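Chain S is already provided as a structure; the job is to place chain H on it using the hints.
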Amino acid sequence: MLENKKVIILGDRDGIPGPAIAECIITTGAEIVFSVTECFV
Amino acid sequence: MDLENQRRVKEIAEKLGTENLVVVLGGAEAEASGLAAETVISGDPAYAGPLTGVQLGLEVYHIFELKSSVDAKVYEEQVSMMELVLDVDAIIAELNKIRSSAAAAITG
Numbered sequence: 004m005l006e007n008k009k010v011i012i013l014g015d016r017d018g019i020p021g022p023a024i025a026e027c028i029i030t031t032g033a034e035i036v037f038s039v040t041e042c043f044v
Numbered sequence: 019m020d021l022e023n024q025r026r027v028k029e030i031a032e033k034l035g036t037e038n039l040v041v042v043l044g045g046a047e048a049e050a051s052g053l054a055a056e057t058v059i060s061g062d063p064a065y066a067g068p069l070t071g072v073q074l075g076l077e078v079y080h081i082f083e084l085k086s087s088v089d090a091k092v093y094e095e096q097v098s099m100m101e102l103v104l105d106v107d108a109i110i111a112e113l114n115k116i117r118s119s120a121a122a123a124i125t126g
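Heads up: the protein sequence lines correspond to chains S and H, in order.
So for the first sequence, our numbering puts the first residue at 4; every next one is plus one.
So for the second sequence, our numbering puts the first residue at 19; every next one is plus one.
Since the hints were made in silico from the structure, they are not lab data.
Careful: at least some of the hints might be erroneous.
Unchecked claim - Between beta-carbon pairs, the in silico distance windows are: (1) S/Thr-30 <-> H/Ala-122: 28 to 38 Å; (2) H/Arg-25 <-> S/Ile-35: 10 to 20 Å; (3) S/Pro-22 <-> H/Glu-22: 10 to 20 Å; (4) S/Gly-32 <-> H/Ala-64: 31 to 41 Å; (5) S/Arg-16 <-> H/Ser-98: 10 to 20 Å; (6) S/Gly-32 <-> H/Ala-66: 27 to 37 Å.
No experiment lies behind these values; they were computed from the predicted model shown.
Ideal placement from N, C-alpha and C gives every residue a C-beta, glycine not left out.
Bound conformation, chain S alone (with noise of 0.2 Å):
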């Protein structure tokens, strides 16, 4: 679903926070230009 895809991750301070994203999709095969941590707070 993202082989050879660019991802850009926007993960969640209070959900799931960018590096455990970023640790999931590398197993994917995708490449990750871009991840940050976001605080809706």
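Only chain H this time, still in chain S's reference frame:
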């Protein structure tokens, strides 16, 4: 989505093109996830940031929706705890709503 992140997303889309670009969200609740999705599809709904009026039309998913694409062990370690705490169904329903209304707007 905060203004700095809107600027970064816009920059990346301009540099790399939108065709193979996917946004993955980790939002804790449905409304904020929906707003972030709307921002990268049809532009900033708050008319405040660099993506105001910019229809990037990006593919966007919550990490919960990508469970079957991710290595099961890694997903278990990194995400599954939050599946127990957050309202997964509401988040996915909101994203489905945003995606279908965006698709309807684009196709007219």
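Each hint, compared with the structure:
1. S/Thr-30 <-> H/Ala-122: 28 to 38 Å: holds (33 Å)
2. H/Arg-25 <-> S/Ile-35: 10 to 20 Å: holds (18 Å)
3. S/Pro-22 <-> H/Glu-22: 10 to 20 Å: Check passed, 18 Å falls within 10 to 20 Å.
4. S/Gly-32 <-> H/Ala-64: 31 to 41 Å: Taking Cβ atoms as reference, S/Gly-32 and H/Ala-64 lie about 34 Å apart, which means the hint holds.
5. S/Arg-16 <-> H/Ser-98: 10 to 20 Å: Since the Cβ atoms of S/Arg-16 and H/Ser-98 sit about 18 Å apart, the hinted range of 10 to 20 Å holds.
6. S/Gly-32 <-> H/Ala-66: 27 to 37 Å: Given a distance of about 35 Å, which is inside 27 to 37 Å, the answer is holds.
Hint compliance for this structure: no hint is broken.
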